[in-house]
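So the sequence lines, in the order shown, correspond to chains A and B.
Counting with the numbering used here, you get residues 20 to 133 for the letters of the first sequence.
Counting with the numbering used here, you get residues 39 to 152 for the letters of the second sequence.
Bear in mind the hints are in silico, worked out from the structure with no lab data behind them.
Take these hints with a grain of salt, some might be off.
As the list claims (entries may be wrong) - Taking lysine to aspartate or glutamate pairs in the EDC-like style, the calculated list, with each CA pair at most 20 Å apart, reads:
#1 94/B - 121/A
#2 132/B - 43/A
#3 76/A - 87/A
#4 107/B - 121/B
#5 151/B - 55/B
#6 108/B - 93/B
#7 64/B - 63/A
#8 132/B - 87/A
#9 132/B - 104/B
#10 30/A - 104/A
#11 34/A - 104/A
#12 64/B - 104/B
#13 132/B - 63/A
#14 108/B - 45/B
#15 64/B - 43/B
To be verified - Examples of chain A residues toward chain B, derived with CB under 8 Å:
#16 46
#17 47
#18 52
#19 60
#20 62
#21 115
#22 118
Claimed, not checked - If you anchor each label on the Cβ, the simulated ranges turn out as follows:
#23 62/B - 76/A: 21 to 29 Å
#24 62/B - 29/A: 46 to 54 Å
#25 41/A - 76/B: 18 to 26 Å
#26 31/A - 92/B: 44 to 52 Å
#27 90/A - 56/B: 41 to 49 Å
#28 115/B - 21/A: 30 to 38 Å
#29 92/B - 32/A: 34 to 42 Å
#30 100/A - 93/B: 25 to 33 Å
#31 48/B - 82/A: 33 to 41 Å
#32 57/A - 113/B: 24 to 32 Å
All C-beta atoms in this analysis are idealised placements derived from N, C-alpha and C, irrespective of residue type, glycine included.
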Amino acid sequence: GAGVSQSPSNKVTEKGKDVELRCDPISGHTALYWYRQRLGQGLEFLIYFQGNSAPDKSGLPSDRFSAERTGESVSTLTIQRTQQEDSAVYLCASSFAGSSTEAFFGQGTRLTVV
Amino acid sequence: SQQGEEDPQALSIQEGENATMNCSYKTSINNLQWYRQNSGRGLVHLILIRSNEREKHSGRLRVTLDTSKKSSSLLITASRAADTASYFCATGIKGSGNTGKLIFGQGTTLQVKP
Numbered sequence: 020g021a022g023v024s025q026s027p028s029n030k031v032t033e034k035g036k037d038v039e040l041r042c043d044p045i046s047g048h049t050a051l052y053w054y055r056q057r058l059g060q061g062l063e064f065l066i067y068f069q070g071n072s073a074p075d076k077s078g079l080p081s082d083r084f085s086a087e088r089t090g091e092s093v094s095t096l097t098i099q100r101t102q103q104e105d106s107a108v109y110l111c112a113s114s115f116a117g118s119s120t121e122a123f124f125g126q127g128t129r130l131t132v133v
Numbered sequence: 039s040q041q042g043e044e045d046p047q048a049l050s051i052q053e054g055e056n057a058t059m060n061c062s063y064k065t066s067i068n069n070l071q072w073y074r075q076n077s078g079r080g081l082v083h084l085i086l087i088r089s090n091e092r093e094k095h096s097g098r099l100r101v102t103l104d105t106s107k108k109s110s111s112l113l114i115t116a117s118r119a120a121d122t123a124s125y126f127c128a129t130g131i132k133g134s135g136n137t138g139k140l141i142f143g144q145g146t147t148l149q150v151k152p
């Protein structure tokens, strides 16, 4: 596709349910990032995938959060047993060569846990 | 913990004035990037400055980097109402090889009054 695509755009879920967020990066981009942004706040790093290297998971806030990436394509971020504090916009970005080049962002998934 | 800290958190100016935003960081970097965000969704890349560069220009944007002080500034000259947005600095953290993750600051909210 022409840009980074995220789905769904909005997700409302009940506390305790699991959710899965999807990111389709730009074709050919080896790096993929997930960030969380709470209302009025900065971007909180969650996880970074680079090619076939082991992902950098140092930003995942708890073991309820996990992410996978299939080769250099689609990535899914899974949040298990959602809590109200998980409510935020989850942003995905991809780049051609990690942080050496500019990152292109999707429009994000707004997650609301009720 | 997040890498960058931005100053000021909020800035309000009149159209035609210049806007200056500052960013400080903590660790060694490959580069520093500036992004813009409208309406709390996807970010757009503005400019990238490498660790061996001191100043860079792009249109009405001027970025400086002082690696000895671990700080950067973004200057927007002759501001316009359309420049109203949140601006974030992001540091490319040194990783294996020439890649690495991208860590964002908390952002500066700029309001340009017509």
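We went through each hint and held it up to the structure:
no. : hint                     : in the structure
1   : 94/B - 121/A             : holds (15 Å)
2   : 132/B - 43/A             : violated (26 Å)
3   : 76/A - 87/A              : holds (11 Å)
4   : 107/B - 121/B            : violated (28 Å)
5   : 151/B - 55/B             : holds (10 Å)
6   : 108/B - 93/B             : holds (14 Å)
7   : 64/B - 63/A              : holds (16 Å)
8   : 132/B - 87/A             : violated (23 Å)
9   : 132/B - 104/B            : holds (17 Å)
10  : 30/A - 104/A             : holds (14 Å)
11  : 34/A - 104/A             : holds (10 Å)
12  : 64/B - 104/B             : holds (12 Å)
13  : 132/B - 63/A             : holds (18 Å)
14  : 108/B - 45/B             : holds (14 Å)
15  : 64/B - 43/B              : holds (9 Å)
16  : 46                       : violated (18 Å)
17  : 47                       : violated (15 Å)
18  : 52                       : holds (6 Å)
19  : 60                       : holds (7 Å)
20  : 62                       : holds (4 Å)
21  : 115                      : violated (10 Å)
22  : 118                      : holds (3 Å)
23  : 62/B - 76/A: 21 to 29 Å  : holds (26 Å)
24  : 62/B - 29/A: 46 to 54 Å  : violated (35 Å)
25  : 41/A - 76/B: 18 to 26 Å  : holds (23 Å)
26  : 31/A - 92/B: 44 to 52 Å  : holds (48 Å)
27  : 90/A - 56/B: 41 to 49 Å  : holds (46 Å)
28  : 115/B - 21/A: 30 to 38 Å : holds (31 Å)
29  : 92/B - 32/A: 34 to 42 Å  : violated (48 Å)
30  : 100/A - 93/B: 25 to 33 Å : violated (49 Å)
31  : 48/B - 82/A: 33 to 41 Å  : holds (36 Å)
32  : 57/A - 113/B: 24 to 32 Å : holds (29 Å)
Consistency note: the structure conflicts with the earlier hints numbered 2, 4, 8, 16, 17, 21, 24, 29, 30.
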